[in-house]
Each structure stands twice: as C-alpha cells, then as structure tokens.
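Sequences and hints are given; from them, build the entire structure.
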Amino acid sequence: MEKQKPPVQKNETIDLTFVDLTHEGDGVGKINGYPLFVPYALPGETAKVKVIKVKKNFAIGKLLEIEKVSPERVEPPCDVYIQCGGCQLQHMSYDLQLDMKHNQVKSALKKIGHIEGIPIHPTIGMEDPWRYRNKVQIPVAHRHGELITGFYRKRSHEIIEGMDRCVITAEINDRMVEAVRRMADRLGITAYDEQSHKGVLRHIMVRTGQETGETMIVIVTRTEQLPYEEELVKELHETYPQIKSIIQNVNKEKTNVILGKKTKVLWGEEYINDTIGDIKFAISPKSFYQINPPQTKKLYDKALEYADLSGDEIVIDAYCGIGTISLFLAQKAKKVYGVEIVPEAISDAKMNAKLNGIENTEFYVGEAEKIMPWWTAQGLRPDVIVVDPPRKGCDEALLDAMLTMKPKKIVYVSCNPSTLARDLRFLEDGGYETKQVQPVDMFPQTGHIEAVAEVVLKV
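Residues 1 to 459 in the UniProt record's numbering are what the sequence shown lists, from first letter to last.
FYI, nobody ran anything at the bench for these hints, they're computed from the structure.
What you are looking at is a predicted structure, and each value in this text was computed from that prediction instead of being measured.
Note that CB positions come from ideal geometry on N, CA and C, so glycine has one too.
It cannot be assumed that every hint is accurate.
Claimed, not checked - FRET-style restraints, in silico, Cβ to Cβ:
hint, residue 1, residue 2, range
1, K350, E171, 30 to 40 Å
2, A397, E231, 49 to 59 Å
3, R153, K392, 23 to 33 Å
4, W374, N32, 50 to 60 Å
5, D128, A397, 19 to 29 Å
6, R153, G379, 16 to 26 Å
Unchecked claim - Calculated pairs, BS3-like style, for lysine-lysine (alpha carbon to alpha carbon, straight line, at most 27 Å):
hint, residue 1, residue 2
7, K280, K244
8, K106, K30
9, K332, K198
10, K254, K135
11, K264, K280
12, K406, K392
13, K48, K62
14, K408, K334
15, K30, K53
16, K110, K408
17, K354, K332
18, K458, K408
19, K254, K297
What follows is the structure in structure tokens.
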C-alpha cells in the first residue's frame with residue numbers, strides 16, 4: 001500500500017484558515033485533516049503562509065500576510081517581541097490567553113490523564129498583565145565601542161541591540177540594569193566574551209521586592225576582582241536609595257549557567273525582603289522566589305482552600321523550596337513538615353519560619369521519595385500532602401510514597417499540565433479521585449500555565 005504524501009511541500013505558499021491554537025500559542029490550520037502549525041496566527045484568521053518544514057504528520061509554516069484578522073489580535077507593545085521569543089503571546093488579547101491556558105489544562109487532563117467531567121475552573125488572571133516580573137538577568141556584551149545589554153535573540157547567544165526595556169519586567173529593574181551598564185561603560189569595565197573567555201562583566205541581575213520596594217543588584221563577573229568596584233558601588237547606592245544590597249557573584253566557568261558558586265556582599269545587606277500575603281521572605285541572590293508574588297498569593301490561597309485545614313492536621317510539603325507554601329499552610333495546620341533536595345533552600349526555609357515567628361514547621365534536606373518512606377517508618381501519618389514539583393513532575397517513587405502514606409487529601413501544584421495529568425492518573429489508579437483543578441496565570445504573555453488540583457482519597 002502506497003504511503004500517503006503530505007498535502008503540502010516545503011517552500012510552497014498557501015492560503016490557510018486557522019481553527020485552533022497549540023499549547024504554545026501557535027495557530028493551527030488544516031488541509032484535508034493534515035495540521036500546519038504557524039507561530040503568531042490566531043483562530044478565525046485566514047492568511048498567506050509559507051511552508052518551511054514538512055513532517056509525516058504535520059508541517060510548520062511562516063506567516064506572510066494576514067488576509068482576515070481576528071478581533072482577538074492586539075498590537076504587541078514590545079519593539080523586539082518577534083526577535084526575543086521570551087514572550088510568545090503578546091499578539092493575543094489577554095482574554096484569549098486565559099482561555100487558551102484553560103484549554104491547555106483541560107486537554108492535557110483528557111488526553112494524558114483520561115480525566116473528564118470534573119470542574120476545571122476559568123484561569124485566574126491578572127488585572128494588569130504587564131510589568132509583573134520581580135527579577136531580571138541580563139547578559140552584557142561589547143559592541144560598537146561600548147557595553148550593551150539585552151536578552152538573547154531567539155535560539156542564539158547574540159544580544160538584541162537597542163533593547164532598553166522589557167514590558168513584563170518591573171520598571172525599576174529595567175532602570176537598574178541600564179544604570180549599571182552606563183556606569184560600568186563610563187568606568188571602562190570590560191564585558192565578558194564567550195568565545196575568548198576573557199573580559200569581566202558577564203550578567204547584571206536585579207531582584208526587587210514588589211511589596212517592600214527593596215532592590216538587590218547582583219554583578220556577575222568572570223574575575224575575582226571587580227575593577228572600579230568602589231566608584232561603581234558608591235555611585236549606585238548614592239543615586240538610587242531603594243537599593244538595599246549590591247552583590248558580586250564570581251563565575252569563572254565556561255558555562256551557560258548564570259551564577260557561579262562564590263558570592264560576596266559589596267555593600268548593604270545579604271538579603272532583601274518581600275511579602276506574600278502576611279508572610280515575610282528574606283531573598284538572597286540564589287533564593288528560589290516566585291517572580292510574580294500577587295499571582296503566587298492567588299495560587300497559594302487556592303492550595304490552602306483545597307487543603308481545607310481546621311488546625312488539627314499534620315501536613316507534608318514535598319518540594320518545599322524556601323518554605324513558601326509551607327509557611328502559608330502552617331498558619332492553618334497543627335504541624336508542617338517540609339522536604340527539599342537543595343540545602344540552601346532549606347536554610348532559607350528555616351530562616352523564613354524564624355522571621356515570621358512560625359514554630360510549627362520542620363524542614364529536612366533530601367529527596368522527598370526517600371525521606372517520606374523514612375517518615376512512614378517513624379510512624380508519621382499526614383492528613384494532607386502538598387506537592388509542587390518541577391516541570392518534569394513527581395518521581396514515581398514519590399507518588400508511591402504518597403499512596404503508601406494514604407493522606408485524606410493531596411494538593412498538587414503544577415507548572416506543567418502534561419506531567420500534572422500523568423501524575424493525577426497515577427494517583428487515581430492508586431485509589432484517589434481528582435475533585436477539581438484551578439489554572440492560575442503566573443506568566444502572562446507567555447505559554448506557561450500553573451494549576452492546582454484537589455485530590456481526595458476514595459472512601
């Protein structure tokens with residue numbers, strides 16, 4: 001039987017009507033059932049498209065000219081939106097972004113988890129979905145006789161020139177990056193060169209407490225010595241009183257990893273502070289801290305609602321990080337046990353508990369899938385387990401450990417609908433039932449979506 005050829009050829013120009021979106025926000029059009037994925041196209045639009053890649057089951061196209069424009073199309077406010085690729089959805093109305101993310105969660109649960117017929121609530125969005133990021137890390141280079149800063153061009157290590165702002169980053173962070181670049185350029189501090197592995201200044205990182213207004217500047221260098229350190233530090237903190245911390249991080253390695261192992265305070269404090277709800281957090285250069293605290297509060301409030309604590313419960317927070325969710329839970333639980341593989345994060349968690357006067361938490365360093373069976377052997381019986389794993393989802397050994405502990409309830413916080421769906425299926429097969437799922441938009445203008453699921457033990 002002769003193989004059926006795809007109905008399009010590479011470099012062919014076609015007229016295409018778009019009917020759907022991929023989970024990354026690309027437009028989907030079909031020719032005789034054969035899908036074409038085209039970045040920046042929207043459902044309901046008709047456009048001229050150039051076919052640039054043809055596979056057996058799909059093709060990828062490039063948008064040439066839109067002939068019928070969707071009412072959901074908006075003008076991206078960023079000048080380098082297409083070149084950068086950090087945001088994928090700026091051409092899309094915010095309502096459509098929220099719908100797309102809801103559908104992404106719903107589709108993953110159905111196709112991967114085979115979970116249907118449960119409430120998947122409308123995505124919780126932001127009132128103002130711009131300027132929300134409280135942290136920025138910008139590479140530095142030398143071009144046309146001066147220092148330049150900016151994000152890398154899509155799929156490259158070439159800095160986009162003329163990029164003096166990022167519309168999803170807090171405005172103060174833009175100003176701080178520009179101030180450091182301008183001062184360093186005037187003082188003659190050289191930029192790091194990836195090819196020769198020479199030069200000094202690799203990255204400028206800025207973190208800001210959205211609630212406190214406190215700012216930390218981290219100057220990442222290849223060298224132990226920062227030339228003109230005294231002049232640079234003095235001018236920065238005298239010009240910008242909101243700066244509470246100026247840090248140097250030394251990264252001598254040939255690597256894409258931004259921060260090196262050695263960090264030293266050049267001026268001010270080792271930490272800045274911020275708050276999420278009633279909880280105060282101390283943030284160091286290497287702390288994992290959510291980049292969108294207002295949405296984080298909405299996410300954690302929902303996790304707390306799903307945990308439904310009365311004050312008598314024993315709770316385990318697996319993947320607890322710096323204790324963000326643990327401390328929220330501790331306000332309503334009898335006792336919270338947190339576990340995390342990163343030792344520095346556990347140190348931060350203990351410090352944050354102390355900072356808030358919270359005494360009903362214990363934090364342990366280790367792999368949750370190994371610590372939890374040990375807790376079981378010690379006779380620990382949690383009423384609720386909360387998990388907030390990385391994008392790869394939960395390790396199967398951790399899921400097994402949760403099933404062995406048989407908590408009445410599991411609250412699963414996820415940053416990846418596909419692994420959420422896979423893990424919920426595992427839990428359902430182990431005697432649990434998914435009651436409801438709430439998507440939360442932590443990263444507007446991008447294809448990422450967080451969700452929290454309420455999972456209960458079947459009686």
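Going through the hints against the structure:
no., hint, in the structure
1, K350 with E171: 30 to 40 Å, "34 Å, holds"
2, A397 with E231: 49 to 59 Å, "54 Å, holds"
3, R153 with K392: 23 to 33 Å, "27 Å, holds"
4, W374 with N32: 50 to 60 Å, "57 Å, holds"
5, D128 with A397: 19 to 29 Å, "42 Å, violated"
6, R153 with G379: 16 to 26 Å, "56 Å, violated"
7, K280 with K244, "16 Å, holds"
8, K106 with K30, "22 Å, holds"
9, K332 with K198, "53 Å, violated"
10, K254 with K135, "24 Å, holds"
11, K264 with K280, "24 Å, holds"
12, K406 with K392, "23 Å, holds"
13, K48 with K62, "9 Å, holds"
14, K408 with K334, "15 Å, holds"
15, K30 with K53, "15 Å, holds"
16, K110 with K408, "24 Å, holds"
17, K354 with K332, "17 Å, holds"
18, K458 with K408, "9 Å, holds"
19, K254 with K297, "38 Å, violated"
Checked against the numbered hints above, the structure violates hints 5, 6, 9, 19; every other hint is satisfied.
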